[in-house]
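2 protein chains.
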Amino acid sequence: MTISMHSAGAPVFVRMLTNLLGWLDKAQAHAEARKFDPNNYLGLRLAPDMLPFSKQIQIASDAAKACMARLAGVEVPKWDDNEATLAELRARVQKTIDYVNSFSAAQIDGSEGRTITIPMRSGEPLVFSGETYLKHYALPNLFFHVTTAYALLRHGGVEIGKSDYLGR
Amino acid sequence: MTISMHSAGAPVFVRMLTNLLGWLDKAQAHAEARKFDPNNYLGLRLAPDMLPFSKQIQIASDAAKACMARLAGVEVPKWDDNEATLAELRARVQKTIDYVNSFSAAQIDGSEGRTITIPMRSGEPLVFSGETYLKHYALPNLFFHVTTAYALLRHGGVEIGKSDYLGR
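Line order of the protein sequences matches chains A and B.
According to numbering that gives the first Met the number 0, the residues represented by the first sequence are 0 to 167, in order.
According to numbering that gives the first Met the number 0, the residues represented by the second sequence are 0 to 167, in order.
It should be emphasised that the hints constitute simulated quantities derived from the structure, not laboratory data.
Fair warning: there could be bad hints in the mix.
For lysine-lysine, the following DSSO-like pairs were computed, each having C-alpha atoms within a straight-line distance of at most 30 Å [to be verified]: (1) B:K25 x A:K25; (2) A:K34 x A:K54; (3) A:K161 x A:K34; (4) A:K161 x B:K94; (5) B:K77 x A:K54; (6) A:K54 x A:K94; (7) A:K77 x A:K34; (8) B:K161 x A:K77; (9) B:K64 x B:K34; (10) B:K54 x A:K161; (11) B:K34 x B:K161; (12) B:K94 x B:K25; (13) A:K25 x A:K54; (14) A:K54 x B:K161; (15) B:K25 x B:K77; (16) B:K161 x B:K54; (17) A:K54 x A:K161; (18) A:K161 x B:K161; (19) B:K161 x A:K94; (20) A:K94 x A:K77; (21) A:K64 x A:K161; (22) B:K64 x B:K161; (23) A:K94 x A:K161; (24) A:K25 x B:K54; (25) A:K94 x A:K34; (26) B:K94 x B:K161; (27) A:K161 x B:K34; (28) B:K161 x B:K25; (29) A:K54 x B:K25; (30) B:K34 x B:K54; (31) B:K77 x B:K64; (32) B:K54 x B:K64; (33) A:K64 x A:K25; (34) B:K77 x A:K64; (35) A:K161 x B:K64; (36) B:K94 x A:K77; (37) A:K64 x A:K54; (38) A:K64 x A:K34.
Here chain A stands alone, though its shape is the one from the complex (with noise of 0.2 Å):
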């Protein structure tokens, strides 16, 4: 097997979403433990400019769905972001797993060359090829939300670790 734009991205969306829903499993527990309400972590932030703990899961799914379906060629489905506990940000990663999960090796190979237009809210849009885009646009923005989501448990008390990181 040599490697292709699917291996080098689906499973890799899959490992670290599958992660995440071990590590938001953990907070329930460490929650319930307190007898807090585990929904006061969706509002959690490092610094006040920043995008809350919900919007990082949200984005970490935009970012594995929207590369599927671009590198597929297919339209980009829009959810809404509108999680208001950790149960339905739980069901929003598993829905992005499902997913990824849904496409085939043979949708997604081959697209390296292929041309990603993603338009910018402001300004011009972005342009890639599809090899540029997986990796130095979709991958870096899964791996820049979860880790942040991760950051953000961990400075909340949460017990995980490296381990529950990799998923090993």
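For this one, chain A is given, so just place chain B on it according to the hints.
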């Protein structure tokens, strides 16, 4: 061009480590503007039982260096973790970039099935195929530690944002 073991790893390491140099520059400027010792960053943590900022940089460096060496089948160089200033950490990051760039694509490509054995301080070594090692260990470790370094700087008031992270 098709994605390969070299192209899936080396340019991602170099891009993220180069972006990290930019965050360190902004951290230095922030310290100068506020007239505090920039070496104060080195001990920052988000929780008391977490490795400090300096160690996040050293481990990110190690993730990239060890991955290149192991995939190429050469001995992983040992670098002392003795950086005591922000300038020395910057030099460590640059040294890592130079090391990654010292490998040709031909040295790394085709390493998908190479057996990678990582000795652990306690217990059995970890054993991966080259492709699993790159995707589920080396890259996640690199992103974990650079993003944690980013989060520490962001938490510490340094004005960095997503475009600094992605390096666009």
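Tell me, in ascending order, the numbers of any earlier hints that this structure violates.
Per hint list: 1, 5, 7, 9, 27, 34, 36, 38 violated.
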